[in-house]
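Asks: Hey, can you work out the whole structure from these sequences and the hints?
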Amino acid sequence: MISITIPIHNEAGNLPRLYARVKESMTELGQPWELILVNDGSTDGSEHLLDGLAASDPAVKVVHFRRNFGQTAAMMAGFDHAGGDIIIPMDGDLQNDPGDIPLMLARLEEGYDVVSGWRKDRKDSALQRNLPSILANRLISFVSGVELHDFGCSLKAYRRDVLAGVRLYGEMHRFLPIYAHWHGARISEVEVRHYPRTSGQSKYGLERVLKVLADLITVKFLDRFQQKPMYLFGAVGLCSWLIGAVSGVSAVYRKYVWNEPFIQNPLLLLAVLTAVTGVMCILMGLLAEMIMRTFFESQGKRAYLIRATRNLDVS
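Counted from 1, the sequence shown has number 26 at position 25 by the working numbering; the numbering is strictly sequential.
Certain hints may be false.
Heads up, simulated EDC-like pairs for lysine to aspartate or glutamate below, C-alpha to C-alpha not over 16 Å straight-line [stated by the list, open to error]:
id : residue 1 : residue 2
1  : K24       : D58
2  : K62       : E48
3  : K24       : E35
4  : K24       : D98
5  : K62       : D101
6  : K121      : D101
7  : K62       : D81
8  : K121      : E148
9  : K124      : D92
10 : K121      : D98
11 : K24       : D101
12 : K124      : D98
13 : K121      : D52
14 : K124      : E192
15 : K229      : E192
16 : K229      : D216
17 : K121      : E48
Think of the hints as simulated: they come from the structure by calculation, not from any bench. It should be emphasised that the depicted structure is a prediction, and the values quoted were computed from it without experimental measurement.
Replies: Following this line, the structure appears as structure tokens:
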């Protein structure tokens, strides 16, 4: 079965057409499907429209949040309640075209685990949306090593197993292909259509760029140091100690060779600060190591992932 998950926040003007276009596309496809609509604290009457759609069509499943939690939380709720082997998230503003879903499914059939949409001809403001998106996508590709043109396109297709165990926070939904890549997923990209918004207001602004950059730092940390956080904290601590040692020796040298008083030399203060910073980083690294070991051992988690086995019974 195919599960289509859509976060909804104040999209009353788009909901009837959105449902009609999804149903038309999936009916033509001829495969079992369900539509999971997550009401992310809408205040424009979307709740009643969603309940009406669910009452008229058993294929429509609705989740109502108590308040607005954001797109990532709504997308995660859709994944949690999806029953299909293939999960397809998309936006509820009709800028994505449900008619592109068959293209993505066809690409999955070629052996890929994730298919990401690429809004090559994007119908948004060039300055507020397109330019920041281009720069952000290039930065994310460079940092993560996953070569995609459009991480921000919500229209993607995932095999269910690559999302197993994934938990999303902040603005992390755009980094899902990176999480999938960590799980060994094969990722592809297809061009999809994009339309200008005709109803409602965009929930995106330039401030989201800062959130994405902050989340990118988190993703990079999890990629490189999730299982060995001491490598990062220890390296910073040792560098701090090195700087402190050089500063301290320089301060002593200037004191006894140049007869320069300590009170006039900022190097001694720098030596003390960097030494304390080094101790704090080492202790934080040790604490992070303990937390990581507790995380794996208390839940019986493994530090590896198995794609398949032969002649073995692996649970």
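Asks: All the hints need checking, so say for each whether the structure fits it.
Replies: Hint check:
{"no.": "1", "hint": "K24 x D58", "verdict": "10 Å, holds"}
{"no.": "2", "hint": "K62 x E48", "verdict": "12 Å, holds"}
{"no.": "3", "hint": "K24 x E35", "verdict": "9 Å, holds"}
{"no.": "4", "hint": "K24 x D98", "verdict": "12 Å, holds"}
{"no.": "5", "hint": "K62 x D101", "verdict": "21 Å, violated"}
{"no.": "6", "hint": "K121 x D101", "verdict": "14 Å, holds"}
{"no.": "7", "hint": "K62 x D81", "verdict": "12 Å, holds"}
{"no.": "8", "hint": "K121 x E148", "verdict": "15 Å, holds"}
{"no.": "9", "hint": "K124 x D92", "verdict": "14 Å, holds"}
{"no.": "10", "hint": "K121 x D98", "verdict": "13 Å, holds"}
{"no.": "11", "hint": "K24 x D101", "verdict": "13 Å, holds"}
{"no.": "12", "hint": "K124 x D98", "verdict": "13 Å, holds"}
{"no.": "13", "hint": "K121 x D52", "verdict": "35 Å, violated"}
{"no.": "14", "hint": "K124 x E192", "verdict": "14 Å, holds"}
{"no.": "15", "hint": "K229 x E192", "verdict": "38 Å, violated"}
{"no.": "16", "hint": "K229 x D216", "verdict": "19 Å, violated"}
{"no.": "17", "hint": "K121 x E48", "verdict": "33 Å, violated"}
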